[in-house]
Every structure is written in C-alpha cells, then in structure tokens.
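Following the hints, put chain B in place on chain A, whose structure we already have.
Here the protein sequences line up with chains A and B, keeping their order.
Numbered according to the UniProt record's numbering, the first sequence spans residues 1 to 370.
Numbered according to the UniProt record's numbering, the second sequence spans residues 1 to 370.
In case anyone wonders, no lab produced these hints; they're calculated from the structure.
Take the hints with a grain of salt, since some may be wrong.
All copies of an identical chain are treated as equivalent in the list; a pair is satisfied when it fits inside any one copy or across any two copies.
[Unchecked claim] Subject to a maximum C-alpha distance of 30 Å in a straight line, what follows is the list of computed DSS-like cross-link-like pairs (lysine-lysine):
| # | residue 1 | residue 2 |
| --- | --- | --- |
| 1 | 347 | 227 |
| 2 | 347 | 136 |
| 3 | 98 | 296 |
| 4 | 136 | 296 |
| 5 | 347 | 98 |
Chain by chain, the residues run as shown.
There are 2 protein chains.
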Amino acid sequence: MASTLSAANYPASIAASTATKWPGLIEAYRRYLPVTSATPVVTLLEGNTPLIPAPSISQRVGRGVQVFVKYDGLNPTGSFKDRGMTLAISKAKEAGAKAVICASTGNTSAAAAAYARRGGMRAFVLIPDGYVALGKLAQALLYGAEVLAIKGNFDQALKIVREMAATYPVTLVNSVNPYRLEGQKTSAFEIVDVLGRAPDWLCIPVGNAGNITAYWMGFCQYHEEGKCDSLPKMMGFQAAGAAPIISGKPVEHPETVATAIRIGNPANWEKAIAVQQASQGEFNAVTDAEIIEAYKILAAEEGVFCEPASAASVAGLLKVKDQVPAGATVVCVLTGNGLKDPETAIKNNDSPFYQGVEPTLEAVAGVMGF
Amino acid sequence: MASTLSAANYPASIAASTATKWPGLIEAYRRYLPVTSATPVVTLLEGNTPLIPAPSISQRVGRGVQVFVKYDGLNPTGSFKDRGMTLAISKAKEAGAKAVICASTGNTSAAAAAYARRGGMRAFVLIPDGYVALGKLAQALLYGAEVLAIKGNFDQALKIVREMAATYPVTLVNSVNPYRLEGQKTSAFEIVDVLGRAPDWLCIPVGNAGNITAYWMGFCQYHEEGKCDSLPKMMGFQAAGAAPIISGKPVEHPETVATAIRIGNPANWEKAIAVQQASQGEFNAVTDAEIIEAYKILAAEEGVFCEPASAASVAGLLKVKDQVPAGATVVCVLTGNGLKDPETAIKNNDSPFYQGVEPTLEAVAGVMGF
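Only chain A is shown next, with the shape it has when bound in the complex (with noise of 0.2 Å):
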C-alpha cells in the first residue's frame, strides 16, 4: 500500500525553497500575533513542523484526493501545545510573572513547564492525586515543573488553579489562557504557507475544542489578508467514548483510549459549533478500534508515529472519506508525538516478534522466509 514519495509530487511552491532560518513562530508571524516590541520572546523555535504527503492514506480516500499530515508531534516538546505556550509564557513574562501554573497532566504541563523554566519563571502543575502514572509526568518532572497531586479531582484542580490565577502573581496557563489559542492558529499559517493555499478539508481531533477554534481563526486571518482565497471545511472527530458535541451533551465519564481528547464537557463548545456552521463542516466520532486502526496505518504505513489522539483526524477522514470530492487536498492534524505514549504502541502492534532464534545464518534466513 506505501508508496514512493518523490519530489514531484509536491506543489512547486513546496520544494522551490531550502531556506533553514526558523526564528521560531512569533517571530515568524509577529504581525499576526498580540505581540510588541517589549514583549520579551520565550522561544525554543516552536512551529515549522513538516507537512508530510500522506500517499497511502490518499490511495485509501481514492479519486485522486491528496492526503497530508500536519506532524505538530515534531515541536520541541512533543505536542501542539508549544504553539500556545510560547506566546501565554512571553506575555506572562511581560506582565512580570515570576510564576505559572496549570492542572493537566499531560502535554500541557510538559509545555508550560519547558517555557517557564526557559524564562526564568516556576511552573506549578496541579493533579489530582493517584491519578496520573509517574512516566506521564517525567516529562514536566524533568524540565523542572513543581508538582502537586492533591485529594480530589480534575475539576478540584481546575478550580483551585483559576482562583490561585486570581489571588496571587501566578499566570494561568490551562487552556482559558486567551493566548494559547492566538499561539495555536500559526498552525494554521504554515499549512498555506507551505500549500499555497488552504486545504479544501481540514480534518482535527476534538478534545477540548480550542484547536479547531484557533486554526479556523488562522485561516479566516490569513484569507482577510489575502494569503489564500478560499477556506477549509473543518472536519472535527471526537473519539466514540467522548464525543459531548456529537450527543450534545456532557459525558461524565468520558472513556477513551485517546486520553488527549479524553473531554466530557469542552471549553471551546460553542466556539466549535460556530467553526462548524461558518465553514459548513461536520462533527463525528470514531471508535478507539477505527483510531487504532488509523495510528496503525500511519506507523506501519507512512512511518509517522503519533498520539493516539492524534490518529482520531485520519480515523475521521477514512470513516468519512466518500464525502471528500474527488481531487481535493485534505490536512490530518497530528497533534503529538507518539514517543509520549510508548504503552499504546507495544500493546497494539501487529509486528512479528521471533524469540529464541538460533544465531546461525539459516536459522535466521529461514524465519525471514529466504
């Protein structure tokens, strides 16, 4: 099923270039961002991640359809949150914070933590306590994040940092941060960037809805500048266990193995909806057996390993890929790197494993089938 990528299948505009200067994105797109001359920049050249062709996910969609993959996986640590951070850290800094703070336990707290201790500030993490494995944090551990697992739950956690926001100089860096969203869209940017123009479907996972939110500000920011003439319908994929905005309603117990989505009630929900209509695209959800399915294919077929959440944008894309008209140009959004999750991957590889093998040439050769 894999193909060959050659350079001609790209756009021309994509292998014209072989420039390697990346200032890092906001300085990269600093007349789009809520930025000035005095806000001091907390970079670790975040952005410019590969939009890599996706050609047997394209022979699966059929009809002549081009598959991407956005691969936000390769930012610096691991996610699509350095998008974000970079830009909520360098304003937290420019308000003078010696300090900040977020409940999550995952990608957020790896971000907020590698940008804060970047900018000389401490970086709080609130979990709940007993909930999170230890390999999860070591990340956030490691650049420096100070950790407190306290006796409750998310929403606890989430409580106390919005009123610790409030009451002392700590910056609020969770998702409510209006920056994060601002620092996402850049994603966006580059998609045209690189494309020439923007993608005729945008497929995304949905987990807390600020993503597809703040990639549809980025494309309706670059069509008013004149970048790209059209816009994207935004294809969003909830995973089966969590999909509130596909029931509508909350799911108190939101199950999934896509833990990056794993949302019952989203921030951004109505924010969503919005994207939705104005860019006449759908919500739908996939089961974990069609994301795992997909995160397969994407390993084993392409050679991209991500997030199981991630792998929801392709998943969404092959359940729904006799609505994309034929010809047309699909971005997967990817949003993590599937070195974060090393569990997901030994437990659902269809990878041959011989043991015992003797250490003779035709022992060897006779397993491998010469």
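Below, chain B without anything else, positioned relative to chain A:
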C-alpha cells in the same frame, strides 16, 4: 540562571526568513549527495532541525561565548539516524531491494523501520535474546519492524546481518552502510546555513564515531564550496565507562547511562582520529554524573529534553569550558529526543512532587510558598 531569548540574540541571517518550505534533506542538499534523478526519494521531511540558542549554558561558559544546541531529536523518528536512513533507504529502493536489515536495539531500528515501510519494503531487526526491554522496541514494532531475537550476543547479531546482506537480496542498513554518513553530514550544512558561518567549536557525543566523521565531511564539503570560510574544532566526548578512543584500546564491557554511545569498539575509530587531527580537536571523557548534570541543565534551564547520550556534548563543553576562546560560537549536537528514555527522566529529576495536598486554595498556596 535561565535568561530570555529575543530576536536580538540571533545573527541577522536567522531572523530574516520565515519560509516554511522544507522538502527533506535529500531534495534540499541534492547536489551534495550521491543521488540522481533515478533515485526514488523516501522521505519524512527529516532534517532542518532547530539550532536553539542556549543562554543558560552560554552564561556558564562565560566570556561572551555563544552556545547553540542542534536539536536533532526533532527528526521524524526522534533521532539523527533519520538523516542517514532517508538516503540509505532511498538507495536501497533504487537498487531494487525488497527488504532491509540491521542489528540494533535503539534509534537505528526505529529509523530503519519507519523509512523502509514508507518505501514499501520489509524491515528486519536482529537483537540478542533477552537483552532488550520491550519498551525500547515499541517504536520499531509499531512502524512494522519484524524483530528476531537470537540466542547470542550483539556481535553475533551483527555478523549474521552482514552475512544475510551478502547472501540474500536484503540491504544492510547498519552503520557500515556508506550512505548513512552521507546523509548525516547534512546537519553540518544546516548549521552553516543558519549561522551564516561555521561554528568555532563543534561538540558532539562519540559512540561508534560515525556522526563526528559525518559532520566533518559536511563542514569540509561546504568549505570547499565556499559556503564557509573556516572549519570548526571538532570536540568529541565519550562516556567515561565507554571511552575506547580516549584510553586507546577497546572496552570489553562498556557501561554508561548514555546507552546510545555505549560502544566499546567504534566502527569509525580511525576516521575519528583523523578528524580530530585535521581539525585540531580533542577527545575527552565525561562521567555519567557529568552527563546527567548536563541533561538536567538542558531540560530545567533551556527547556530542551534530550537523550542522556546527547547531553555528553554539553557535559563535555562544560568540562573544558576554559579552553573555549572568548567570544567563540559553539554548537553542541543533541542526537536524540529525551522521550525515547522516560526512565532516566524519572530517576534523575530534582523537581518537588508533593502528594496528598488538601484541595483548598490555602493549602495549595502554602505549599507553593505564598
């Protein structure tokens, strides 16, 4: 210790461009590589990894020295191996190979599997039985590697994969594959392209000594082409428990936390000595304690999470910092992503982790010191 990076810290050449069109390293550096129009390019858009200013490490070195880290852990499979593998796999495909093989328990097997599968080939990986934790193989297995664990040691595995490649239509993609170094040299090109010159020093971890050889090839080639006026002093650092080049004899049982450079008898030993002499560089050993200290500084002050082996370059620089000329530009190579080895992060962080905190504003504020 950490300070803020603003655009003003960059050489002018960096901040000038915001292009995002990177076609992968073969297309970007086609004229410097052994490819023709007949070569089917198998790419994940590897390369073009960030050269991140390291203000905190610069400050520790002092005297106006400017330190950058070349964060090659942001390649598609999480290590510098992707640079060599895109070329090795493309050339294997050009030669009509249907399968590739390597003996590797780490980054090489992951890169080989990802690129081989993307190129439509099978990927075989030989490892010693019982030697490897399944977690280390998770990535290669998800990419679709077919793994054979032999009843023997790593040297026997290496011998068998060489025999397999000599006897059957299977291409060997271990480090003896000559295209690997050709691909790896492109990182030197990128450094010169971004800095606008060669650095004064290049600090690099040394295991098999292939990468130091490749970087030197790259700098020399660019120098001959007039892309840079000078050549860097090549500073190679081995782990003290696996330092055959420093001691002058092979190490039978190499031991170090830096598993990616745990090699007792480097394949490119003689080449590396030649590089050291030609560049008037040095080899030095760094202890595991020094490696871990650098690893923690990189994460908690610079916000960069690398593999322990990668941190050997920074540990080495800090060890010999008094030798660096005042005002020099130094690049430290970080070869792999820290997410590849979460255990080391869990074992070695200094971050406070408070458990059982009462879920009240007062209790949390108290723990935080407000």
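Residue 347 and residue 136: within-copy, between-copy, both or neither at 30 Å Cα: Classified as both; 17 Å inside a copy, 13 Å across copies.
Alpha-carbon proximity between residue 347 and residue 98, which holds within one copy, between copies, both or neither at 30 Å: between (42 Å within a copy, 27 Å between copies)
Copy assignment of residue 136 with residue 296, given that the CA separation must stay at most 30 Å: So residue 136 and residue 296 pass the 30 Å test inside a copy (22 Å) and across (18 Å) alike.
Intra- versus inter-subunit Cα pairing at 30 Å for residue 98 with residue 296: between (43 Å within a copy, 21 Å between copies)
Status of residue 227 relative to residue 347 across identical chains (alpha carbons, at most 30 Å): For residue 347 and residue 227, neither the intra-copy (44 Å) nor the inter-copy (48 Å) Cα distance is at most 30 Å.
The structure fails hint 1 only (numbered hints given earlier).
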